[in-house]
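2 protein chains.
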Amino acid sequence: VIKVLDSQSFLSQSMNIILEDAVKKSTDVKEKVCEWRSPEELKELLDLELRDEGESESEILQRCRDTIRYSVKTTHPRFFNQLFAGMEPYSLVASVIVEALKPSLYTYEVAPVFTLVENAVLRKMMELIGWEEGGDGIFCAGGSMSNMYALNLARYHHCPDVKEHGLSAAPRLVIFTSEECHYSIAKSAALLGIGTKNVYVVGTIPFFVNATAGTTVLGAFDPLEEIADICEKHNIWLHVDACWGGAALMSDRHKHLLKGIHRANSVAWNPHKMLMVCLQCSAFLVRDKTSLLQDCHSSRASYLFQQDKFYDVSYDTGDKSVQCSRKPDSFKFWLMWKALGKGELKQRVDRAFMCICRYFAEQIKQREGFQLLMEPECTNVCFWYIPPSLRNLQGHPKFWKKLHTVAPAIKERMMKVGSMMVGYQTHKDRVNFFRMVLVSPQVSTEDADFVLDEMHNLGKDL
Amino acid sequence: VIKVLDSQSFLSQSMNIILEDAVKKSTDVKEKVCEWRSPEELKELLDLELRDEGESESEILQRCRDTIRYSVKTTHPRFFNQLFAGMEPYSLVASVIVEALKPSLYTYEVAPVFTLVENAVLRKMMELIGWEEGGDGIFCAGGSMSNMYALNLARYHHCPDVKEHGLSAAPRLVIFTSEECHYSIAKSAALLGIGTKNVYVVGTIPFFVNATAGTTVLGAFDPLEEIADICEKHNIWLHVDACWGGAALMSDRHKHLLKGIHRANSVAWNPHKMLMVCLQCSAFLVRDKTSLLQDCHSSRASYLFQQDKFYDVSYDTGDKSVQCSRKPDSFKFWLMWKALGKGELKQRVDRAFMCICRYFAEQIKQREGFQLLMEPECTNVCFWYIPPSLRNLQGHPKFWKKLHTVAPAIKERMMKVGSMMVGYQTHKDRVNFFRMVLVSPQVSTEDADFVLDEMHNLGKDL
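The listed protein sequences correspond, in order, to chains A and B.
First residue of the first sequence: 1, per full-length UniProt numbering; consecutive thereafter.
First residue of the second sequence: 1, per full-length UniProt numbering; consecutive thereafter.
Next up, chain A with everything else stripped away, as it sits in the complex (with noise of 0.2 angstroms):
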């Protein structure tokens, strides 16, 4: 009575959909960017209800189509609104292969390829870093979780009590950091116990810096030597967000915004911004080799790390995580690399920096109508377009309550449109403005000049 499916037949059919719809055609610069639809149309659209009744294979192909169509496409070469962007054939190869095999990096036995090739990436990350003597780490769901464990891993170096006891065992903790860091800081001080009005504050016990490198909005980079200095006069353990910045490791001519970067105690690196691995690749590296990792962590189950198996029981690593489930995530970076080299990543992480991202501050600068916010320092450039109907009001009280709308109204008109994204956000007492996050290789300058023209179209007659 079960269902018999010819899944060869319809494993073929959707690759192509696949392949021809949510590959070539999502990459297209003449298609656009993203199909708007209100959440309300967007549900009549989908049927999204669940029923007893299955549907027929032809059904859930055009589910398949009607998916990808109403999707935005992130791997558009006018997508700019995130920290990721564009398109990568041999991470996309990489995620496909574990999505079919179904990987879980517990143990050895269970994930024996997986698991060599996290530790392989791992090294070759702490390598870039500078820890000459190597370390310890972990891919994670993501950035957030990655500085989460940076700061759980702080404080259980800084009061081992605290994993038993909890934080009735520890005095006050405060965190350190800078007003221009992620907010996952912010969130991992809330689930850790230790509370948000517990980050900034100066005074008691400091036990954590976050140093940010290349920050969200900005892409800023906090000066590593200089608080590298202060914490280690102090004993601080000292963290750097380098989700974002970290991808300039890559690159000679940009590596030294990180300079001091080996000082750390721990690093967040996210492979998935700038060098384009497929969503999620996020690496947590700690510079200590005492088993930190392992000894905060560790439950011991012993369904899983049974310590009586007929091999080396170092290679199951799955108990330095909080996850139990937790996906392979380097091997999207390894086979990227593996086929592109270092050599290629830098040149495009110099391309990114360089080219494409000067020019495109150059061209804001010569264009009437633009303003940059700051020079960049790395791939954000912030900045604002005002319409001619504001140009001669700079100065007068009404300005920047005007141009604040500006930005909005513009991202809507981008939407319905269809023909490019990017982000804007208000930062401190700077009104509304775009962040335009350049990434891809497949980016170039005409991409660049498209969106300053694109937006002085929509945004001329406000």
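No lab work stands behind these hints, which were simulated from the structure alone.
Possibly wrong hints are sitting among the right ones.
Identical chains share a label here; the pair holds if one copy fits it or two copies do between them.
Derived EDC-like pairs (lysine to aspartate or glutamate); straight-line CA-CA distance at most 16 angstroms [what the hints assert, rightly or not]:
1. Lys25 x Asp6
2. Lys342 x Glu55
3. Lys124 x Glu53
4. Lys255 x Glu377
5. Lys255 x Asp350
Computed from a predicted structure; not experimentally measured.
Assemble the complex: chain A is given as a structure, and chain B must be docked to it using the hints.
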């Protein structure tokens, strides 16, 4: 200078390899479940080093083949080693769509389809739980994360000040759970600053009870109604970890195992286990309708969660998560459900419980040299294989000591032969036994017979 790749040709070649080797061959009962190599041998075979130079397309295709060859085939009909198994083509297609589109669930504008799908799937799961008035929820990176969310929400519900002020704002908090619960409860208690020693402890201020519906090793169900009575009386948050046993909610015949689950404050349920959705797919569901999930986890990052958008921002669900990037795992469940209908899912669950699991347990009772630990409540069957040399030692002081070495020895042989994979462990004072996990409708009674025959073949000389 950017390496030019004919991605369409490379992608089609890779997809063919994946469909042939990682899908067709991996699920073929005549092929091996694993191709065991020691870590040292496998390192030699794989050439893991990441270099400056890239490799040719044909070398990369060979690496794909090797990765698949030496990986464990968790989708093989004779893989019984984990709480997941089998190949579900609809869910696989959904996974590949997700990998190709690279979506992340922050906001409606970036992931419109997947945001609505998640919502629809959560609503359906809540309906199955019996929350007639709905609730809230989110898909997490695995069941451990879902359980951690429960703990954090309960704590926030109990002492909202903890979010800002940390545990210094709270009295000592303790957690009740059974000793059979999943280790993620202890891991979460450590992470959240509650402390593992405050799990199980009676006294002080209990704020959280974890009940397990389908324990990891024995597959036992806690009596939810009785626990709910006590929790209601004392106003304690009741969380049900139904990661494994939740699938029984699909079946009218077996849902009585979870009777009372609608009285829980929160539920964790992993469709990637018995329902065979591709890894990972784990839902955290909460009965509260006062936006507790949002209030507890939100940090209101301005670059994502702008309030001046042109659509209803209540569709932007990203701030309910402690992750930032988050994959649309619900889609893999949704597409599969759409294809199969609840009717088919129900049949599969019934088949796993009734046909295969019952058959296997009966066989164990009938065959000489096999002994059940207990009658199975779920689809885990725990048993010992007693080799002929030990059969007349029963009752002898050396019996248990010798039996303890049998399962690891058989496991080593089965891995090296590659004929099947079944996990083993100790449990309290019980020596090593096998835990057979029955999930996939692709498993037949012949496969069940094979396991017992093969176990005898591999272990009869011990």
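So, going through the hints one by one against the coordinates:
In the homo-oligomer, the alpha carbons of Lys25 and Asp6 lie at most 16 angstroms apart only across protomers (15 angstroms), although the nearest pairing inside one protomer, at 27 angstroms, exceeds that limit. Taking identical chains as interchangeable, the C-alpha atoms of Lys342 and Glu55 lie at most 16 angstroms apart only when they sit on different chains, with a minimum of 11 angstroms there against 47 angstroms within one chain. Taking the closest pair of Cα atoms, Lys124 and Glu53 come within 16 angstroms of each other only across two copies (14 angstroms); inside a single copy the shortest separation is 50 angstroms, beyond that limit. Taking the closest pair of Cα atoms, Lys255 and Glu377 come within 16 angstroms of each other only inside a single copy of the chain (12 angstroms); across copies the shortest separation is 57 angstroms, beyond that limit.
For a Cα distance limit of 16 angstroms, the shortest separation of Lys255 from Asp350 inside one copy, 10 angstroms, qualifies, whereas the shortest one across copies, 58 angstroms, does not.
Consistency note: the structure conflicts with none of the earlier hints.
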